[in-house]
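Letter by letter, the chains look like this.
4 protein chains.
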Amino acid sequence: MDLSSLLPELRAFMAERDWGKFHTPENLSKSIAIEAGELLECFQWDSEAKPERVQDELADVLTYALLLSDRLGVDPLEIVSKKLQVTKEKYPVEKARGSSRKYDELQD
Amino acid sequence: MDLSSLLPELRAFMAERDWGKFHTPENLSKSIAIEAGELLECFQWDSEAKPERVQDELADVLTYALLLSDRLGVDPLEIVSKKLQVTKEKYPVEKARGSSRKYDELQD
Amino acid sequence: MDLSSLLPELRAFMAERDWGKFHTPENLSKSIAIEAGELLECFQWDSEAKPERVQDELADVLTYALLLSDRLGVDPLEIVSKKLQVTKEKYPVEKARGSSRKYDELQD
Amino acid sequence: MDLSSLLPELRAFMAERDWGKFHTPENLSKSIAIEAGELLECFQWDSEAKPERVQDELADVLTYALLLSDRLGVDPLEIVSKKLQVTKEKYPVEKARGSSRKYDELQD
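Protein chains in written order, with our numbering: chain A, 1 to 108; chain B, 1 to 108; chain C, 1 to 108; chain D, 1 to 108.
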């Protein structure tokens, strides 16, 4: 499965149902936050959760994230890769190793 | 850019910084919700937002979503495709067309 | 400090800045989700967090929640109390005791 | 209805069900984010929503926010009032009037 076969499938699904009109960047961003809440609910009272349930909620987050990238006209993997380059510079290996501190709190 | 080249890059980034230990499914799910909130902030008071800012926040959501799928050992595009099949059945074209109702409120 | 002295203070703060126009129920709900994400960020990689930081983020969630209740014309404490009555019936003591299950998964 | 009568009622509800053990600050913060997502869902595709539904979801956010303030040992109205003083200084009336800009983007 790659994006070049998944995206047309997602687009056709939406077009057939005439749902594009609901998919403004704002509504898709709300949808990502809503689905992220459902994903988090798997872990509400416990650090462990059923993998199938987590996978199911993660699929919903990813679906809206792919729809938003498509709406913005950007390649979802490209923007992750691009952001990774930025993060690499903010968190140099020698300073960030083994630490969960934010980049502006990293210590020498 | 495809997943087979992006994932090893993401994994190397994390391994070099010894961050894998922080990336439990629970922590990654919290991270997705946190980044989803930052994405939503682009639209806090307005339906319009600068595309570059939206793209930047979306990249963060996607990064954690890819890390979670990797942690769960599932293909992120595969689970989206699989979920799409389920959604297709819940929202038949003839009933769902042009409507934003939930599947259990669809009308004949 | 009680609501009858806090609410007029909140309202005056907003009125002086002419911010009421931004405070639609939708925008306030987005704001609650955004601030909830910032609160969650205190616990992103750790179950422990500095109490002052948590308190600070909780104050933001509460502020928007009070503004939304005011906008809806309801008493925030009243709706909590009313909801508590409903929850009491969904989670009878003898079944719910010591369990974090959802009401539809409670066992006899 | 005031806090001095609502809080004991909330505490008794939790104590009877032995739910205090689940109510760590982290779990309560996750719960607030989860309920904030459900509140946001009222506005997923539309700026308008049924007031009763919004009120119902807002009550859930408020319940967990009150439980967290109680757990932190702080007065929820007091921390809102305290934060309001800080915000007043960050957003002086003459600069902030009618604007939704962030304090660090306010113009003279």
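Worth flagging that the hints you see were computed from the coordinates, not collected in a lab.
Be careful, since some hints might not be right.
Here are the in silico distance ranges between beta carbons for each label pair [to be verified]:
id, chain 1, residue 1, chain 2, residue 2, range
1, C, Glu48, A, Lys21, 43 to 51 Å
2, D, Asp18, B, Val93, 23 to 31 Å
3, A, Asp104, D, Lys88, 23 to 31 Å
4, B, Gly73, D, Tyr103, 39 to 47 Å
5, C, Ala15, D, Tyr103, 12 to 20 Å
6, D, Tyr103, C, Pro51, 39 to 47 Å
7, C, Leu84, D, Leu106, 22 to 30 Å
8, D, Gly98, C, Asp108, 53 to 61 Å
9, B, Val93, C, Ser99, 48 to 56 Å
10, D, Ser99, C, Leu84, 35 to 43 Å
11, C, Asp18, A, Glu78, 22 to 30 Å
12, D, Pro8, C, Glu48, 46 to 54 Å
Just so we're clear, the structure is a prediction, and the values are computed from it rather than from any experiment.
Virtual Cβ for every residue (Gly too), placed ideally from N, Cα, C.
Okay, the hints, checked on the actual structure:
1. As the Cβ distance of glutamate 48 of chain C to lysine 21 of chain A is approximately 46 Å, the hint placing it in 43 to 51 Å holds.
2. Evaluation of the 23 to 31 Å hint for aspartate 18 of chain D and valine 93 of chain B yields a failure: the beta carbon distance comes to about 49 Å.
3. In this structure, aspartate 104 of chain A and lysine 88 of chain D meet the distance hint of 23 to 31 Å, their C-beta atoms being roughly 26 Å apart.
4. Between glycine 73 of chain B and tyrosine 103 of chain D the beta carbon distance is about 44 Å. The supplied range of 39 to 47 Å therefore holds.
5. Take alanine 15 of chain C and tyrosine 103 of chain D: their Cβ atoms lie about 19 Å apart, and the range 12 to 20 Å holds.
6. Roughly 24 Å separates the CB atoms of tyrosine 103 of chain D and proline 51 of chain C, a value that falls outside the hinted 39 to 47 Å.
7. As the Cβ distance of leucine 84 of chain C to leucine 106 of chain D is approximately 41 Å, the hint placing it in 22 to 30 Å is violated.
8. Checking the proposed 53 to 61 Å range against glycine 98 of chain D and aspartate 108 of chain C shows it holds: the Cβ atoms sit about 59 Å from each other.
9. Evaluation of the 48 to 56 Å hint for valine 93 of chain B and serine 99 of chain C yields a failure: the beta carbon distance comes to about 42 Å.
10. At roughly 39 Å, the beta-carbon separation of serine 99 of chain D and leucine 84 of chain C lies within the given 35 to 43 Å, and the hint holds.
11. About 41 Å separates the C-beta atoms of aspartate 18 of chain C and glutamate 78 of chain A, a value inconsistent with the hinted range of 22 to 30 Å.
12. Checked against the hint of 46 to 54 Å, the C-beta distance between proline 8 of chain D and glutamate 48 of chain C comes to roughly 28 Å, which is inconsistent with it.
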